[in-house]
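Peer 1: If you read the sequences in order, they're chains W and D.
With the working numbering as the guide, the letters of the first sequence map in order to residues 1096 to 1570.
With the working numbering as the guide, the letters of the second sequence map in order to residues 101 to 1188.
Mixed in with the good hints, there may be bad ones.
Pairs of lysine-lysine, DSSO-like flavour, derived with a Cα cap of 27 Å [stated by the list, open to error]:
| no. | chain 1 | residue 1 | chain 2 | residue 2 |
| --- | --- | --- | --- | --- |
| 1 | D | Lys636 | W | Lys1390 |
| 2 | W | Lys1344 | W | Lys1297 |
| 3 | D | Lys212 | W | Lys1118 |
| 4 | D | Lys590 | D | Lys212 |
| 5 | D | Lys500 | D | Lys722 |
| 6 | D | Lys212 | D | Lys502 |
| 7 | D | Lys429 | W | Lys1390 |
| 8 | D | Lys843 | W | Lys1118 |
| 9 | D | Lys720 | W | Lys1118 |
Since the hints were derived computationally from the structure, they do not count as laboratory data.
These numbers come from a predicted model, not from an experiment.
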Amino acid sequence: MKTTKILLLFVFSFFIFSCSEDKMDEVNMELNDALNVSAQSMVPDVILKSAVETTATDIAWYATVYIEHSAGTWAQSADADKRINQASATTFNNSWNQLYDVMNVCKVIIEKTAPGGPDESNQYARGIAQLLTAYNLAVTTDMWGEVPWTEALQGAAILQPKYDKQSTIYPLIQTYLDDAIVSFTAATNISAVGDYIYAGDKAKWIKAAYSLKARYYLRLSNVDANAASKALTAITNGFGSSADAFMFKAYAATATGENPWVQFLADRTHLSVSASFYNIMNTRNDPRIDKYFNKVGTAYVPAPNGTAILTQGGVYSTSAITNSTTAGRTLPTPMMTFHELKFIEAEAKFRSNNATWAAALQAAVEANFVFNGLTVAQGTAYYTTVVLPRLTAGNELKEILTQKYIALYEHEAIEAYNDYRRVPSFLTLANPNNALVGFVWRFPYATSEEQSNSANIPSVNIFTEKVWWAGGAEK
Amino acid sequence: MKTKLNGFLTLLLALLVQVTFAQEKTVTGTVSDESGPLPGVTVLIQGTNSGTQTDFDGKYSLKANVGNVLVFSFVGMDNQTRTVGASNVINVVMSGAQILEEVVVTALGISKEKKALGYAVQQVSAKEISRANNPNLLTNMSGKMAGVEVRQSSGMPGAPATVLIRGARSFDGNNQPLYVVDGMPISSGSDYAQNVTGTFSSSRTMDIDPSDIESINVLKGQAAAALYGLRASNGVIIITTKSGKSTAKGNPTVNFTTSYTMDVVATLPDVQQTYAQGTGATGINSVAVRTFAAANSLSWGPKISDLPTIPVYGGDSQGQAGQFWDPYKAAWVTPQAYNNAENFFETGSTQYYGLNISNSNEFANYLIGLSATDQEAIMPSSGMTRYTAKLSSTFNMGEKWKSGFSANYSDVKINKLPSGNDSNLFVVYGAPASFDLMGTPFNMEGPLGDYRQISYRGGAVGENPRWAAKNNQFLETTRRFFGNTFVEYKPADWVNVRYQLGIDSYSTDNEDIYQMGSAATGQALPTAADYTTPTKTTFGYRAPTGGRINNYGVMRSNLNSLLNVTFTKDFSEDLKASLLVGNEIRDERSRSWTMLGSGFTIPGWNNMSNTTTQTADEGKSKFRSAGTYANLSLDFMNMLYFNATGRYDIVSTMPRDNRSFFYPSVSLGFIFTEVGGLKDNDILSFGKIRTSYAQVGQAGSYREPIYYAGGAGSGFLSDGITYPLGGVSGFRPNETIYDPALKPQNTKNFEIGADLKFLKNRVGLDYTYSKQTATDQIFSVPMAGSTGSAQFVTNAGEMTTEAHEIMAYFIPVQTNDFEWNINANFTKIENKVISLANGIESVSLAGFTTPNVRAYAGYTYPTIYGETLLRNDKGEVIINNNPASPGYGFPQAGGAGKIGDVSPDFILGVTNSFTYKFVSLTAQMDWKSGGQIYSGTNRLMGLYGSSKFTENRTDTFQYGDTENAHENGVLPDGTPNNITRGGATDLGAYQHFYSNVYGAISEMNIYDSSYLKLREVALSFTLPKSLLDKAKIKAASISLIGRNFLLWSNIPNVDPETSQGTGNGVGGFDYVSLPQTTAYGVTLNLTF
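With the sequences and hints as input, model every part of the structure.
Peer 2: Dropping the structure here:
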């Protein structure tokens, strides 16, 4: 029995020492991830996600098909061309979740850098987070219209956030940009580490904030009589040259670091050159054709919109911008370019009856030629021989936006999509499915919302109902 | 030993006394049962205490008078009586009521008579497990147990399967049973989950050689398993391995088994053999010529017989009449159709060698076991080798002490193949009939030619499977040691103390290599312009890029400490009690790592140091739990059995102050045939009713809020962007948030059943009804994206299961030479999701964003979710009646929703065995009725135009005529669909239907997964002893076996048991998943 007692004593003491709450806390201690990080450590991720997930992936890949920069000739892109599954909640579920995700990370940075917060001194990180909140929130409401914001990003505290009207969200976007300008202005401890856009140059961030303000002011041209003048005021503090452009420049020529458009081409090969877009350029003898498109054999073979045969390459021309050379793999993602700002200036000035709009348009076209590896002189020649003759009375706005449409190929498809929805009259789309099924005027709400917040989702028909700034009624 | 010796002395004394007073003679003989001599049989002279026991050769000898009646008794068998007559030799064959006295191993290794249980258990014998040479324990269990459903993934070496005992209890958590080997709970899951990409991770039950198993006991209900506490909710599979315990004394017994099995693909896809690679316009009334298109994944081109006439590649106009320029072979060929799927699969094989040496005597017994399994799969460069070694022994150390140990080592290497999005079968099942997959070189010649593939199509899934077999590799190696040692101390008759310490430790090393030039790692495959034409006879040059090596693995070790103290007391003849109190401590540690290198510089050198970028990651985990428990058993008059258990668990992975839980169970068994009037009845030989109630829980894994390195991607991309980028990493908060008030989920189980035996045990029937209610589920409640988080781990929801199980046997014929046995296992389970979290209708478990497998409130678990067919209020499919639309006459998408149910209506496994003298024939038939599967393989074979069901593509047709129609549908006004499409003036209709309707609406890809399978057949010859004695062989048998031949099912092109790999989605989701196999083989078993 003595042995038994010793054995029992041994086991029970082992039991007591091994299972107290403190001991169990120690066993369950976090071993794999950080329990706390600084705001600065989160900056690279909000920039990366805004550039890649918001700007350079799914939303742009669908927009490029809707706007006929490209024709979808395989799988989901062909479905987009044929308007199959476009109203499905799953189509943009990832994009929706990613947008709120990056805005949530921005929110944590803003909290950490708030007065009294642990990273109060890092106003630079705060400015980046505020600016990117504005940027991502704008994409969210531009694509979907009414979206949750005032009750959003509360985690488990509000599991079913209500949806806000776009008209109430747009002023908040401007406020975030204003706040960002204040933060950047105050920033002192600036770290270039992880600033994939401006490498620690706060002046350029401020210019980006003003340029974005101009973009979002002009977006309201249908609903705000002062949109153009507000945009022009902002432009005075915007980009001064292409060197200021708001672009993500950190791609690496590696499998896990290359431009997502290149990955999309290699992994999927869903897109071909759109016939309607090619024709617009071809009738203008646009020298950018050689920069934009690849030939099939000896000729350009664009894909007919909405009726192309299914192919993963070889049949139709594909983009020459997205290519697997080192330059293509590391091509920056434009989040807002200098040429876009100049086009905004041209349109705003034209709308304000400011005669210098044509000079802004010429500057925009020239900047875009340089952006695409051509010369200023080639741009000037094109402007003189092709653009100028088309600027006849009543046709000015149409040509300004057509030139912008050409210039935004192919990585700035989201802005081209926004322009068409704002001013549909500038462009005649060729896809027969627009008549058969409808143009995709807005994106369908996401699966995650249908699954967990269905009671709050406004009921919309994506083929007939436009967002507020495009002239739609709000719900 | 002392007791036994005392017995002998008493006996001797008695005999001596008898010698003095009676006319005696010595009676000798051998006692045996069907399997040979039986040691330890008690031989008593009726009405006296005189008697003896048989020795290890079954022989006995005792003094008796003529006229004495000898009673032969042995636990688990009918008593036999013989009257001593003139003969001095009385040989007896024991048989019979094994079932009545069957002893089964229950929770924590407690042996109990089956009749004393108040809940259902089922035992499967070694014979049944090793019958058909299946080296995979999980798939081996299919159809052999009532209440147990095995959802297989494939027949590939090491393929995992989902085993559900009485359905599921957790929405997205673990529903797999606990596996206990020789008293020690072991790791049995897959270390990595597979969804729709990559390779499966084998279940750690692969480390067990099924031939080493003596028996499997399944504890199905929570009452049966309650003593295991938190791990008991999914039932327990108790495995007892072979040991030296029952080996005859004397020279060691040597048992040698070898088998050879040939494996072939079970279901070949049915492919069309008429049309070539290519495509055409698919609009309404399109009469565009179907064009041949190189480097295109579609088979909607011209007729193969018309290839000589086509532009560019046709020979008729180029002086090569009747010929076709094959752009891949770069040669003029006579066009012909190839059945690429049939040509691609190989004949696999499985070789098995097993050697056991065992021995025993009064003081000890041991068994040494060695085995080797070498499996080659039906697809190239895939296979498995498994080596196992074990040593187990027990020692009797005097009267009070006993100890023993069991040590097992295994080494399992599996060469796997990816499936789902990464499957090589995309290019096999989708290959155009005009493409000669096996006859075309799979890479080019010239500079770096080995790394410049020739495939008929592009895209990441366009990898040539033969190139992949040569260049890509997916290797999983596991080395494992598990075992335990125990000491038992019995200070008095009424108390027994047992302490057992076990360890289970393994490391799994995985190496996934994609060679440079692999399309799966970003190599853009050649386009039509790169392939040859009659005027350009050389291939274009594309520099090989890409390549990836992923080294990842896990080291895991478990420690299990178990102390049981058992007190037994017989208060009277009619009231016996036993009480067990005990304690169990588990401590688990694991470390996992990933080293991912991408972009090889030097082709062919597959080493991390050859990659241009590397990322590394590690994961560590610790877990501890402690349980204290008690079990009280009462036996009234061998008629009424009562059992109660309670267990108190403390577990580390729950939030502070929420870590301890108590779970009770009670059960009652009543043998009503012990009641006076019903006793000794020949019609109803045995009858018991039983009932039980239990509660058990499942703990969650609570984590504090953390930050981790983010990244960016898209569902369209294989890689996306990963850190470090530009030398830095960016961090983000966890998108999963945890409820700090998390508590364990609770499963309540009520069970009632009856065990009945009729006609002197010729017919037996066990029926069990059970109802489980699992509440406060711990699961990741999906959150609306706008909340900023993805999921909230909390308690919510309820799931119920109602199960009907029947185990039945029938012996229609039983003579000395011939016996016919029928065994049936019937399972009907309704596993229903009652509610999820507030406002949540369904949660995704596996699959794509859509379609996928889900838990859906109000439906059985799990369901399939995806794009539905547009239906009217009556549920009829609405047909598009817009004549301008290419979809005219076809169904339309109706939005996302539930499109199928995975759970079957019932499963029935029936085994017939016939034994005639030394020959026996056994056949196991499995019937699964009901249940559905999403078949991505069929979707793609339709979309590509490679399936046979797309062949009849030039005739006019109505939607309802197509093989894959879901009824014919109605027009929007409710009248029956009468729209005819296709024919010479509408050539694009068929392709539009398969590419854009069948290929786009997931509900169209839902199939009934019912099947009837001849699962196992074995024809065995046991060689007669007379023959063997001369060869000094104790026993020998030879068997011819077959598995999975004959299949009846309703799904084209794939086996209904083909599915993506692991977790709760298995069985409901096929996406170019790996196939099942049919096996034929021979087994030789020799005992020396």
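Peer 1: All hints, please: hold or fail.
Peer 2: Cross-check of the supplied hints:
Pair hint Lys636/D plus Lys1390/W holds up; C-alpha atoms about 17 Å apart against a cutoff of 27 Å. Proximity of Lys1344/W to Lys1297/W is assessed by CA-CA distance (about 16 Å); at most 27 Å being required, the pair is judged to hold. Of the supplied pair hints, the one linking Lys212/D and Lys1118/W is violated, its CA atoms being roughly 37 Å apart against a limit of 27 Å. The suggested pairing of Lys590/D with Lys212/D holds, with an alpha-carbon distance near 19 Å, which does not exceed 27 Å.
Straight-line distance between C-alpha atoms of Lys500/D and Lys722/D comes to about 38 Å, which puts the hinted pair past the 27 Å bound. Among the hinted pairs, Lys212/D with Lys502/D is consistent with the structure: their alpha-carbon atoms are about 20 Å apart, no more than 27 Å. Our distance criterion of 27 Å between C-alpha atoms is met by Lys429/D and Lys1390/W, whose separation comes to about 25 Å. Distance restraint check for Lys843/D and Lys1118/W: the Cα-Cα separation of roughly 19 Å lies within the 27 Å cut-off, and the hinted pair is therefore satisfied.
Taken as a hint, the Lys720/D and Lys1118/W pair is honoured in the structure, with Cα atoms around 17 Å apart against an allowance of 27 Å.
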